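Visitor: Residue-level listing of the chains:
6 protein chains.
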Amino acid sequence: MTTVADILKFVETLAPRAMKMDWDNVGLLCGSRKTPVTKVLVALDPFEHVCQEAAAWGAELIVTHHPMIFRPLPNVTDETSIGRGIMTLIRSNISAINAHTNLDQAPGGVNDELAKRLALVNVQVLNPCGTTENGESWGLLRAGEVPEQPLDAFLNRVNTLLHCEGLRYENGGNPVRKVCVGGGSCADGMPEAIAAGCDTFVTADVKYNQFWDAHDLGLNLIDAGHFYTENPIVPILAEKIAAAFPEVEVKVSESHRDCMKFY
Amino acid sequence: MTTVADILKFVETLAPRAMKMDWDNVGLLCGSRKTPVTKVLVALDPFEHVCQEAAAWGAELIVTHHPMIFRPLPNVTDETSIGRGIMTLIRSNISAINAHTNLDQAPGGVNDELAKRLALVNVQVLNPCGTTENGESWGLLRAGEVPEQPLDAFLNRVNTLLHCEGLRYENGGNPVRKVCVGGGSCADGMPEAIAAGCDTFVTADVKYNQFWDAHDLGLNLIDAGHFYTENPIVPILAEKIAAAFPEVEVKVSESHRDCMKFY
Amino acid sequence: MTTVADILKFVETLAPRAMKMDWDNVGLLCGSRKTPVTKVLVALDPFEHVCQEAAAWGAELIVTHHPMIFRPLPNVTDETSIGRGIMTLIRSNISAINAHTNLDQAPGGVNDELAKRLALVNVQVLNPCGTTENGESWGLLRAGEVPEQPLDAFLNRVNTLLHCEGLRYENGGNPVRKVCVGGGSCADGMPEAIAAGCDTFVTADVKYNQFWDAHDLGLNLIDAGHFYTENPIVPILAEKIAAAFPEVEVKVSESHRDCMKFY
Amino acid sequence: MTTVADILKFVETLAPRAMKMDWDNVGLLCGSRKTPVTKVLVALDPFEHVCQEAAAWGAELIVTHHPMIFRPLPNVTDETSIGRGIMTLIRSNISAINAHTNLDQAPGGVNDELAKRLALVNVQVLNPCGTTENGESWGLLRAGEVPEQPLDAFLNRVNTLLHCEGLRYENGGNPVRKVCVGGGSCADGMPEAIAAGCDTFVTADVKYNQFWDAHDLGLNLIDAGHFYTENPIVPILAEKIAAAFPEVEVKVSESHRDCMKFY
Amino acid sequence: MTTVADILKFVETLAPRAMKMDWDNVGLLCGSRKTPVTKVLVALDPFEHVCQEAAAWGAELIVTHHPMIFRPLPNVTDETSIGRGIMTLIRSNISAINAHTNLDQAPGGVNDELAKRLALVNVQVLNPCGTTENGESWGLLRAGEVPEQPLDAFLNRVNTLLHCEGLRYENGGNPVRKVCVGGGSCADGMPEAIAAGCDTFVTADVKYNQFWDAHDLGLNLIDAGHFYTENPIVPILAEKIAAAFPEVEVKVSESHRDCMKFY
Amino acid sequence: MTTVADILKFVETLAPRAMKMDWDNVGLLCGSRKTPVTKVLVALDPFEHVCQEAAAWGAELIVTHHPMIFRPLPNVTDETSIGRGIMTLIRSNISAINAHTNLDQAPGGVNDELAKRLALVNVQVLNPCGTTENGESWGLLRAGEVPEQPLDAFLNRVNTLLHCEGLRYENGGNPVRKVCVGGGSCADGMPEAIAAGCDTFVTADVKYNQFWDAHDLGLNLIDAGHFYTENPIVPILAEKIAAAFPEVEVKVSESHRDCMKFY
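Residue numbers (the working numbering), protein chains in the order written: chain V, 1 to 263; chain C, 1 to 263; chain P, 1 to 263; chain A, 1 to 263; chain W, 1 to 263; chain F, 1 to 263.
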């Protein structure tokens, strides 16, 4: 029978542990490797409502990108949302596994999928950290090309293709031709993007000073949202698990949407 | 004749150095205390275009909230925007002074002005750091009340009153009655806001996880933009300097707008 | 109805949080303050078998000296005994509270009880850390007197009174008259004991070098076991909780014995 | 004539400096490399009474496992036992050399001798740190096999073979077949022992929590005493020095016994 | 009979331990508090030749300003001059005590004596660290006045009064009227000297950049030598000990001169 | 036309950036790579008066050994000499480049030139850090030979050849035959010098304890001044730049002398 261990092993084939950053926490963070699995819920985050959805649906496993526990926990109580999430999982005998920076950096992971969604071509890994056995480079950021277009056209494209409800951006003054992408909080990588000849950077969680740094660099900087830049990997991950384990029911979370709205 | 020293002394009456945070850099950061001053340009930031505007206008002094130099500089060259800004100032014999966290925390400073703009009443300093000689509390955050209203009505109010071009927010599920404000990046203060009984927090530079933390806390969290939450102090500061030095021409920067846009 | 919060509040009357050491983790470490409580299991440690005993007995709360979580946890899985313990508690809806160094240091706590069991007289706190509202000193170690006796007689007394199965000791060369006690790993306090005029020190977890340090100091050093020097507080704590909450059933763990044996 | 330098050079052939741990202090710690040597006293520790024995016997050199100075000394006075030991040596013109973690880790060193005394067979270095020129692995722990036997039988064997006066142990619930050994304070190596398939671990200075960790791991953990697990190397070392320097009188300390006793 | 303890106690009346800097090592650093003393050698440094002089003269105690051990020692061997010095002392049963930064900072200590030698008047402690029971300020630097004179005249005066064989200096461009003094390496105190209105600073171990800093500050900076600025306290200390212990023979080292020469 | 970039590129051929120490700051520290250059002022230090000389002469570039900014700057004002220097440069459109530890370590750099000036033969790099493409070793110190001579003769030679106004030295007790040189503050390298068989060390900024360390080591230690040991590279550097850029006027600073004098 398929167990948590089997699915974890498969996920770590897609996103090997060795590709994670030093400070990261990935793998089995709650539950038991031995639990037999018939239903898997896949989501970007293991937030409390996702844990509740998994329990309501009868899943034995949640697979997420962000870790259930990031800063080690001094307690597990109903006074924090992490504590409530863990208590929900344990009471329903649900395990939680994740692939975080290993999935960001892996070939075919978060950032390759983001590049693909944005229809970039000639996509390359910026400053690769290593090479897989198959000779594929891996690393954090990706750069690729689009037909030259005004920024406005590209903003429209990003908004539509990522299903965003809005964007924040800074106009670096150039048309869009070569685009660097980094899902989540990757704006620190702007100098790498410039060095690679990019005119545009798509990422999220951009701060005031970073928009101005982009302005000074003449780089178009687009904050497309942490959720919207990383969530594209979720259905892909679900499909891959479903394909590998046909006897298991795999579903993308229906309750998990970004809680941030634009006005 | 009025000098840079005179105006700096006056600004530090409004925002005493003793109110700054340990890590901050405030006061005279470029030029000379002895320079006679006839024209002062006031702006939120000493960005390169602000320095150019000052030079074009013939100012001898710029007064800003953010510091000209935040991380100490290893060089002053035309390869960084800070270097170019400093070179512009020095070539035009312009000095630069600033009041940063001391102005955030001072009575009548950034956050009192933000509270005032939002028409909060019964405004109080959260967790005061001290008391002035006049018996006024000072500290970072402010909390005050508004007539009870749906979040949507309050969002409209914030957008209008701060002249924002858009907002990002998370709906904590409660109507708005007691509001905490912190211009710039103050979302770390959410637990303080909750402890003070606030249902709503207005700040900026909010990250994905912070929106979810607010969600878990049942707090309405509004990102009104770093520029829009801090800029209200700029005309006030200009007016106060103009009133104190009638012989000096004081102007708010005309070129300085937020470079971040919404799509 | 009596809740976890009520009992925690009572325990922190006996051993105020303010008496804990900086690095310690005490209070509610698992479960919920709101859980109604009818049965409380009290034990020195929240080890896995204690959690199982609590679950089997139908307790809603365990009260221990050592914390459920000491080093913050990166995961909660069945691959560690702490993870298994927490999972057992959560599945049976049992909360866990503890008082650790606050109970060591409190008047009437671990070390006062140890002194009492050994029938020390004129007991005093060594190097007090503070004074309670009632004017009682508090701090880590206690020193008191016994009728002068050979070390061998005192060893027999310790072994009998603490129900040890054996002792390890070093003979400092003096008869026993003034004794310092510190339950658990307190041998670092030897210089304090010497400074207070003690000839004998009772503690636990003593290392090779520490026995030789005692030898050099001419101090009798007795390792009576971590369990045996701290466990005396357990029935006292159980009695106090039972007296304060007559409607609640309170029991000392029956399964928890020291796993260390002598050969 | 044989000098301190000659004997040090020989000892560091047996236990090369390159095998010591980074934090360790080994080699000539007191006296002079040039001193001619006719009598060598060998002991586990350079404690004060060992220094006195060396002086009384007329030795010019003591060779020990533990270093004369571990934490660098702020003074050399008669107010500490280390100070008194050094003063005794210097006044009698005695040098002190030692091999500590280099001797623990060397082939034929502390842990190989401990394995040999316990009659382990198929002994291997756990997680070797390197390989000598002769192709021998070196590292801290050793694992080897014994004929399968109940824990009680093995306890008897350890007690007898190491001449202990008692043991402390925890019963992991398994018979003894594969044993890991680490003289001194090596219980941190339990995960390594488990990973190597050991059911039993012999070491010393075991703390309360470590006995419980062993319990949770199902590992028999035996604290045979720091002295008794490391002292077996002492006569071996004495013999090797005597064989290499037939003109020198070599003696094992007669005064050095463990000061810790069981009751 | 007079012992080391008696003399140490007296020295620490002149220069209380509480006046030492945190990182310093003072008091009894070698030997025994109980040694009876008939001859005391006083010197600035406990260098090897001073230890030899003490042994040759038959002293039982050396009293110095600099400590015998500054960085804690990993060994005591004849391969370092500190080791050789300690071995010389121990073999001749000589103890070593010292008063270092406590003597720099004490009233009547190193820097007061330096000010006195230079005939400064209206001498004050710069930035006092505290006040003695007698109401005297104490701290590191001293400032005092001289009749206004050209720098050249003052250089001559320093050279003569301190018995220097030469000086290194930088001409700050002002005549000498108010002088700051700090024996040894005190040039970091230049801003304090400027703030106190001094035009001249006498200290030692001055580096290239420090001479230029003085140049930029318009401060005359004189490097009169570490030995020559601190040695004046030595005969004073000897006299005070001699006066307090008339039964003891006290002598200033005859062998200790500065090893640095000018060409 | 020749630009700052061209000359920087040339200087970094002589002293590649890869040869600098980690903590150092070298290259373009003020101004612009694009500035056309007709006049270059070369000096050891970019002190304020050197900046003024450059401005008065009409230079567009200063090339120095020491960096314009060593500790990153929190401000650029007329209240510090570095601030005044930078303001002078910027107002006259002068750039500043430097090669510091890269020039110390490079073949043909500061220390090779110092060895050459002192007419050392068989000069070698001590403990080389690497090898250039041409197979030349590079690193900090140099050692070379002189005809055996008394220390006094060598002192005379150093004083004359380096145009010093005086020397400070310690007599190690040996004639001079093999000399280690390190311009600036290199006395920490004494053990390396001894290990290389040197009897004499020429460096600068020597402190009291270092003279005594040399005394204990039997090493002649000569402090020839920071300026005098490093300045020999300045005319060489000027010549090389002049040769490479014949269209540019290159001059060694006329105003820059050591501000330190002997009395």
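You may find that some hints are simply not true.
It does not matter which identical chain is used: a pair holds within one copy or between any two.
As the list claims (entries may be wrong) - Using 25 Å as the maximum straight-line C-alpha spacing, the simulated SDA-like pairs for lysine to any residue come out as follows:
{"no.": "1", "residue 1": "Lys-39", "residue 2": "Asp-205"}
{"no.": "2", "residue 1": "Lys-207", "residue 2": "Pro-191"}
{"no.": "3", "residue 1": "Lys-34", "residue 2": "Glu-148"}
{"no.": "4", "residue 1": "Lys-116", "residue 2": "Asp-78"}
{"no.": "5", "residue 1": "Lys-178", "residue 2": "Asp-24"}
{"no.": "6", "residue 1": "Lys-9", "residue 2": "His-163"}
{"no.": "7", "residue 1": "Lys-34", "residue 2": "Gly-83"}
{"no.": "8", "residue 1": "Lys-9", "residue 2": "Ala-119"}
{"no.": "9", "residue 1": "Lys-178", "residue 2": "Thr-80"}
{"no.": "10", "residue 1": "Lys-39", "residue 2": "Leu-167"}
{"no.": "11", "residue 1": "Lys-178", "residue 2": "Asn-156"}
{"no.": "12", "residue 1": "Lys-34", "residue 2": "Ala-55"}
{"no.": "13", "residue 1": "Lys-251", "residue 2": "Gln-149"}
{"no.": "14", "residue 1": "Lys-116", "residue 2": "Ala-238"}
{"no.": "15", "residue 1": "Lys-207", "residue 2": "Gly-83"}
{"no.": "16", "residue 1": "Lys-9", "residue 2": "Gly-144"}
{"no.": "17", "residue 1": "Lys-240", "residue 2": "Asn-171"}
{"no.": "18", "residue 1": "Lys-207", "residue 2": "Glu-192"}
{"no.": "19", "residue 1": "Lys-9", "residue 2": "Leu-162"}
{"no.": "20", "residue 1": "Lys-207", "residue 2": "Gly-135"}
{"no.": "21", "residue 1": "Lys-9", "residue 2": "Arg-84"}
{"no.": "22", "residue 1": "Lys-207", "residue 2": "Ala-243"}
What the hints contain is simulated information worked out from the structure, not anything from laboratory work. A quick note: this is a predicted structure, and the numbers were derived from the prediction, not measured.
Visitor: Evaluate each hint against the coordinates.
Guide: Evaluation of the provided hints:
no.	hint	result
1	Lys-39 / Asp-205	neither (33 Å within a copy, 38 Å between copies)
2	Lys-207 / Pro-191	both (16 Å within a copy, 21 Å between copies)
3	Lys-34 / Glu-148	neither (52 Å within a copy, 30 Å between copies)
4	Lys-116 / Asp-78	neither (40 Å within a copy, 38 Å between copies)
5	Lys-178 / Asp-24	neither (30 Å within a copy, 36 Å between copies)
6	Lys-9 / His-163	neither (31 Å within a copy, 49 Å between copies)
7	Lys-34 / Gly-83	both (23 Å within a copy, 14 Å between copies)
8	Lys-9 / Ala-119	neither (30 Å within a copy, 41 Å between copies)
9	Lys-178 / Thr-80	between (43 Å within a copy, 23 Å between copies)
10	Lys-39 / Leu-167	neither (35 Å within a copy, 39 Å between copies)
11	Lys-178 / Asn-156	within (16 Å within a copy, 37 Å between copies)
12	Lys-34 / Ala-55	both (18 Å within a copy, 22 Å between copies)
13	Lys-251 / Gln-149	neither (37 Å within a copy, 39 Å between copies)
14	Lys-116 / Ala-238	within (17 Å within a copy, 50 Å between copies)
15	Lys-207 / Gly-83	between (29 Å within a copy, 21 Å between copies)
16	Lys-9 / Gly-144	neither (31 Å within a copy, 33 Å between copies)
17	Lys-240 / Asn-171	neither (38 Å within a copy, 34 Å between copies)
18	Lys-207 / Glu-192	both (18 Å within a copy, 22 Å between copies)
19	Lys-9 / Leu-162	neither (30 Å within a copy, 46 Å between copies)
20	Lys-207 / Gly-135	neither (36 Å within a copy, 36 Å between copies)
21	Lys-9 / Arg-84	between (27 Å within a copy, 22 Å between copies)
22	Lys-207 / Ala-243	neither (40 Å within a copy, 34 Å between copies)
Violated hints, listed in ascending order, are 1, 3, 4, 5, 6, 8, 10, 13, 16, 17, 19, 20, 22; each of the other numbered hints is respected by the structure.
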